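Q: Here the sequence shown is numbered in the working numbering, starting from 1 and rising by one per residue.
Calculated from the structure, these hints are not laboratory results. From a predicted model like this one, the values you see are computed outputs, not experimental measurements. Just so you know, even glycine gets a beta-carbon here, dropped at the ideal spot from N, CA and C. Hints may contain errors.
The list that follows gives simulated cross-link-like pairs (lysine-lysine, DSSO-like), each with its CA atoms no further than 30 Å apart [claimed, not checked]: (1) Lys138 with Lys100; (2) Lys113 with Lys100; (3) Lys138 with Lys113; (4) Lys41 with Lys93; (5) Lys41 with Lys113; (6) Lys99 with Lys138; (7) Lys93 with Lys138; (8) Lys100 with Lys41; (9) Lys41 with Lys99; (10) Lys113 with Lys93; (11) Lys138 with Lys41; (12) Lys99 with Lys113.
With beta-carbon atoms standing in for the labels, derived distance ranges [as the list claims (entries may be wrong)]: (13) Leu3 with Ala173: 21 to 31 Å; (14) Pro165 with Lys93: 25 to 35 Å; (15) Ala35 with Ala141: 14 to 24 Å; (16) Arg195 with Gln236: 33 to 43 Å; (17) Gln10 with Lys93: 21 to 31 Å; (18) Arg34 with Thr2: 34 to 44 Å; (19) Ser131 with Arg52: 30 to 40 Å; (20) Trp38 with Pro165: 28 to 38 Å; (21) Arg137 with Phe81: 24 to 34 Å.
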Amino acid sequence: MTLVRSITFQILFYSNLAGQMLLYLPVFFLLPERACWWIVKSWGRSSLWLLRHLAGTRSVVTGQENIPAGPVLVASKHQSFWEVIALLPHLEKPTFILKKELMRIPVFGWYAKRMGMIPVDRQRRGAVLPSLLGEARKAIADGRQIIIFPEGTRAAPGTPPNYRPGIHFLYDALQLTVVPVALNSGLFWPRQAVRRQPGTIRAEFLPPIGPGLSREALLREMGGRIEARSNALMRQALADHPALPVSPLLADHLARTPDAA
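Using the sequences plus the hints, can you model the full thing?
A: Spelled out as structure tokens, the structure:
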């Protein structure tokens with residue numbers, strides 16, 4: 001039954017995405033920015049509604065009081081696509097740093113460009129940083145919140161963390177506050193899998209980290225907070241939903257990690 005509901009959700013999730021993009025395409029690029037944000041966030045909310053009512057998976061995001069007003073760097077744990085749609089409604093003008101390849105997708109790429117998303121060519125590695133900084137400065141001047149996944153890609157629950165120094169490059173150059181985000185989405189929305197597990201996905205905006213830290217200090221402080229709270233959220237999910245599948249990787253990780261909840 002879970003698999004059938006998951007497949008149904010997948011079909012309607014992508015149908016909803018394609019349908020809304022095509023529906024608004026004739027007017028989207030003529031509308032004021034405020035109206036465009038309403039459309040994009042409405043898609044995010046409708047996607048979470050489908051997830052809840054078709055797959056039985058609720059979405060809870062807390063800690064919004066930790067988001068300062070104005071421009072900020074939001075550094076999120078990345079376990080699934082869920083956080084992309086779930087964080088959208090909770091930020092005023094979110095700008096994602098995303099793979100350049102996504103901008104080449106017809107219609108989707110046009111929408112992403114219209115909404116000021118920042119593409120990066122991951123194959124160029126360090127060479128991409130100057131152009132990334134230029135686009136980030138534009139976003140900050142426009143009062144946006146830049147969402148970055150500091151591990152670079154999705155990682156299954158229990159995977160050893162690998163926080164990359166790119167987050168410090170922006171943090172230092174822009175002198176911005178960082179808001180870490182912890183979550184447990186990979187337990188319910190596994191990467192490269194169709195099955196969506198029923199239960200409650202949780203994400204939490206954690207207390208902000210002000211500018212001025214060295215690279216090592218930022219990665220240690222930010223990574224430590226994200227990992228400790230994400231581990232606590234995963235333990236909570238496993239306690240609340242004993243039927244959730246637990247990989248040997250995650251079981252070993254939690255067994256070796258102190259419970260700092």
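Q: Determine for every hint whether it applies to the structure shown.
A: Outcome of the hint check:
1. Taken as a hint, the lysine 138 and lysine 100 pair is honoured in the structure, with Cα atoms around 18 Å apart against an allowance of 30 Å.
2. With a C-alpha separation of about 11 Å, the suggested pair lysine 113 and lysine 100 falls inside the 30 Å cut-off, and the hint holds.
3. A threshold of 30 Å between alpha carbons decides the hint, and for lysine 138 with lysine 113 the separation of about 13 Å falls inside it, so the pair holds.
4. About 10 Å separates the Cα atoms of lysine 41 and lysine 93, which keeps this hinted pair within 30 Å; it holds.
5. Among the hinted pairs, lysine 41 with lysine 113 is consistent with the structure: their alpha-carbon atoms are about 16 Å apart, no more than 30 Å.
6. Proposed proximity of lysine 99 and lysine 138 is supported: the alpha carbons are some 18 Å apart, at most 30 Å.
7. Taking the CA atoms of lysine 93 and lysine 138, the gap is near 13 Å; set against the 30 Å cutoff, the hint holds.
8. Between lysine 100 and lysine 41 the alpha-carbon distance is near 22 Å, which keeps this suggested pair within the 30 Å criterion.
9. A threshold of 30 Å between alpha carbons decides the hint, and for lysine 41 with lysine 99 the separation of about 21 Å falls inside it, so the pair holds.
10. Annotation: proposed proximity of lysine 113 to lysine 93 holds, straight-line Cα distance about 14 Å (limit 30 Å).
11. For the hint pairing lysine 138 with lysine 41, the CA-to-CA distance comes to about 22 Å; that is within 30 Å, so the pair holds.
12. Straight-line distance between C-alpha atoms of lysine 99 and lysine 113 comes to about 12 Å, which keeps the hinted pair within the 30 Å bound.
13. Range check, leucine 3 to alanine 173: Cβ separation about 46 Å, and the 21 to 31 Å hint is violated.
14. For proline 165 and lysine 93, the hinted distance range of 25 to 35 Å is satisfied, since their beta carbons lie about 26 Å from each other.
15. Judged by the Cβ atoms, the range 14 to 24 Å given for alanine 35 and alanine 141 holds: they are separated by roughly 21 Å.
16. At about 21 Å, the CB distance of arginine 195 to glutamine 236 disagrees with the hint of 33 to 43 Å.
17. At roughly 29 Å, the beta-carbon separation of glutamine 10 and lysine 93 lies within the given 21 to 31 Å, and the hint holds.
18. At roughly 39 Å, the beta carbons of arginine 34 and threonine 2 sit within the given window of 34 to 44 Å.
19. Checked against the hint of 30 to 40 Å, the C-beta distance between serine 131 and arginine 52 comes to roughly 39 Å, which is consistent with it.
20. Tryptophan 38 and proline 165 have their C-beta atoms about 36 Å apart, which keeps the hinted 28 to 38 Å range intact.
21. For arginine 137 and phenylalanine 81, the Cβ-Cβ distance of about 28 Å falls inside the hinted range of 24 to 34 Å, so the restraint holds.
Comparing the model with each numbered hint stated earlier shows that hints 13, 16 do not hold.
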